[in-house]
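*Asks:* This is what each chain is made of:
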Amino acid sequence: DARVTQTPRHKVTEMGQEVTMRCQPILGHNTVFWYRQTMMQGLELLAYFRNRAPLDDSGMPKDRFSAEMPDATLATLKIQPSEPRDSAVYFCASGLVTGVGTGELFFGEGSRLTVL
Amino acid sequence: RKEVEQDPGPFNVPEGATVAFNCTYSNSASQSFFWYRQDCRKEPKLLMSVYSSGNEDGRFTAQLNRASQYISLLIRDSKLSDSATYLCVVREDTGRRALTFGSGTRLQVQP
Chain A
4 DARVTQTPRH KVTEMGQEVT MRCQPILGHN TVFWYRQTMM QGLELLAYFR NRAPLDDSGM
64 PKDRFSAEMP DATLATLKIQ PSEPRDSAVY FCASGLVTGV GTGELFFGEG SRLTVL
Chain B
4 RKEVEQDPGP FNVPEGATVA FNCTYSNSAS QSFFWYRQDC RKEPKLLMSV YSSGNEDGRF
64 TAQLNRASQY ISLLIRDSKL SDSATYLCVV REDTGRRALT FGSGTRLQVQ P
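Note that the protein sequences, when read in sequence, are chains A and B.
Read in order, the letters of the first sequence are residues 4 to 119 in our numbering.
Read in order, the letters of the second sequence are residues 4 to 114 in our numbering.
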C-alpha cells in the first residue's frame, strides 16, 4: 500500500535548535507539498515542488525555513533556528498533478513539532 | 480576506440528520474543487472532487456555484463515523496549481 512517509512523527526541541523533517513521497508522484497546520491558521502551504523543482515557497519564512528535494525519494524541511511559534503539525503531501489531473493529494501522518 | 472560507462550526447533529456545509472562495481563477476529510489528529484525506454539474457519492453530495463562488457538501443520514473536520479545497489551474485549503468545518454526529 503506497503511502507518504514522514519522520520524525514527534519532535520536542528547545528554542534556537535546528529541526529537520523528512518526507518520502509516493513513488511516481511528481509534486510534493509541505503544509503546516495549527489550530489558529488551519493548513498553510509552505512550499511546493514539481519534478523536484521548487515552484512556490512564498508561504515560508525565508530567514529560518528551507525546503529541498535532493532526490525524487526525499523532501526535507529545515528550521534553523526554531522558535516557539513554529510549534505545529507539519504535513508532507504528494500527488500526480497534470493538466487534467484529479488533484488528489496523499498526506503523510505529519510531524508534530513542539518548540519550548 | 482568506482565499477559502468556511464556517468552523462545530455542527452538532443527531444520527440520521442531514447536514450541509458551505465554502466560499475568492480567486475566480480557481478551477478545481475538492472536499477533504480530516479525523482528529490524523492527516487529511480526499473525500470527493466537486464537478461543475454537481456529483453524488452515496450519502454525500457536492455542488459548485461558480457565479457565487461557493461550494457545498451535503451529508444525508449522518453516521457517528462522519464526525470529522471537512476541508474545502480549491486549486487554481494556471501557474502554480497548488491546492489551497479552507480551515475546515467540524462535524460532530451524536447518538
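Some hints here could point you the wrong way.
[Unchecked claim] Below, a list of computed lysine to any residue pairs in the SDA-like style, where the Cα atoms sit at most 25 Å apart:
| hint | chain 1 | residue 1 | chain 2 | residue 2 |
| --- | --- | --- | --- | --- |
| 1 | B | K5 | A | R6 |
| 2 | B | K82 | B | Q111 |
| 3 | A | K14 | A | T101 |
| 4 | B | K45 | A | D66 |
| 5 | B | K45 | A | A56 |
| 6 | B | K5 | B | K82 |
| 7 | A | K65 | A | G31 |
| 8 | B | K48 | A | Q83 |
| 9 | B | K82 | B | A101 |
| 10 | B | K48 | A | K65 |
| 11 | B | K5 | A | T41 |
| 12 | B | K48 | A | R25 |
| 13 | B | K48 | A | P87 |
| 14 | B | K48 | A | E21 |
| 15 | B | K82 | A | R12 |
| 16 | B | K5 | A | G19 |
| 17 | B | K5 | A | R25 |
| 18 | B | K45 | A | M42 |
| 19 | B | K45 | B | F63 |
| 20 | A | K81 | B | N68 |
| 21 | A | K14 | A | N54 |
| 22 | B | K45 | A | D4 |
| 23 | A | K14 | B | Q111 |
| 24 | A | K14 | B | K45 |
| 25 | A | K81 | A | V92 |
| 26 | B | K48 | A | G19 |
| 27 | B | K45 | A | P87 |
| 28 | A | K65 | A | D4 |
| 29 | A | K14 | A | P64 |
[Stated by the list, open to error] Residues on chain B that point at chain A, a partial pick, calculated with CB under 7 Å:
| hint | residue |
| --- | --- |
| 30 | F14 |
| 31 | E46 |
| 32 | L49 |
| 33 | G61 |
| 34 | N68 |
| 35 | P114 |
[What the hints assert, rightly or not] Computed far set for chain B versus chain A, every beta-carbon distance over 12 Å:
| hint | residue |
| --- | --- |
| 36 | P11 |
| 37 | N15 |
| 38 | A20 |
| 39 | V22 |
| 40 | A23 |
Read the hints as simulated data drawn from the structure, not as lab findings.
Here the structure is a predicted model, which is why all the values come from computation and not from measurement.
Beta carbons: idealized from backbone N, C-alpha and C, even for Gly.
*Asks:* For each hint, tell me whether it holds in the structure or not.
*Replies:* Hints, one by one, checked against the model:
no.: 1; hint: B:K5 with A:R6; verdict: violated, 30 Å
no.: 2; hint: B:K82 with B:Q111; verdict: holds, 10 Å
no.: 3; hint: A:K14 with A:T101; verdict: violated, 34 Å
no.: 4; hint: B:K45 with A:D66; verdict: violated, 29 Å
no.: 5; hint: B:K45 with A:A56; verdict: violated, 28 Å
no.: 6; hint: B:K5 with B:K82; verdict: violated, 31 Å
no.: 7; hint: A:K65 with A:G31; verdict: violated, 29 Å
no.: 8; hint: B:K48 with A:Q83; verdict: violated, 30 Å
no.: 9; hint: B:K82 with B:A101; verdict: violated, 32 Å
no.: 10; hint: B:K48 with A:K65; verdict: violated, 29 Å
no.: 11; hint: B:K5 with A:T41; verdict: holds, 16 Å
no.: 12; hint: B:K48 with A:R25; verdict: holds, 20 Å
no.: 13; hint: B:K48 with A:P87; verdict: violated, 28 Å
no.: 14; hint: B:K48 with A:E21; verdict: violated, 30 Å
no.: 15; hint: B:K82 with A:R12; verdict: violated, 30 Å
no.: 16; hint: B:K5 with A:G19; verdict: violated, 31 Å
no.: 17; hint: B:K5 with A:R25; verdict: violated, 29 Å
no.: 18; hint: B:K45 with A:M42; verdict: holds, 14 Å
no.: 19; hint: B:K45 with B:F63; verdict: holds, 21 Å
no.: 20; hint: A:K81 with B:N68; verdict: violated, 40 Å
no.: 21; hint: A:K14 with A:N54; verdict: violated, 29 Å
no.: 22; hint: B:K45 with A:D4; verdict: holds, 18 Å
no.: 23; hint: A:K14 with B:Q111; verdict: violated, 30 Å
no.: 24; hint: A:K14 with B:K45; verdict: holds, 16 Å
no.: 25; hint: A:K81 with A:V92; verdict: holds, 14 Å
no.: 26; hint: B:K48 with A:G19; verdict: violated, 33 Å
no.: 27; hint: B:K45 with A:P87; verdict: holds, 22 Å
no.: 28; hint: A:K65 with A:D4; verdict: violated, 35 Å
no.: 29; hint: A:K14 with A:P64; verdict: holds, 20 Å
no.: 30; hint: F14; verdict: violated, 17 Å
no.: 31; hint: E46; verdict: holds, 4 Å
no.: 32; hint: L49; verdict: holds, 5 Å
no.: 33; hint: G61; verdict: violated, 18 Å
no.: 34; hint: N68; verdict: violated, 19 Å
no.: 35; hint: P114; verdict: violated, 27 Å
no.: 36; hint: P11; verdict: violated, 9 Å
no.: 37; hint: N15; verdict: holds, 19 Å
no.: 38; hint: A20; verdict: holds, 25 Å
no.: 39; hint: V22; verdict: holds, 20 Å
no.: 40; hint: A23; verdict: holds, 20 Å
Hint compliance for this structure: hints 1, 3, 4, 5, 6, 7, 8, 9, 10, 13, 14, 15, 16, 17, 20, 21, 23, 26, 28, 30, 33, 34, 35 and 36 are broken, all remaining hints hold.
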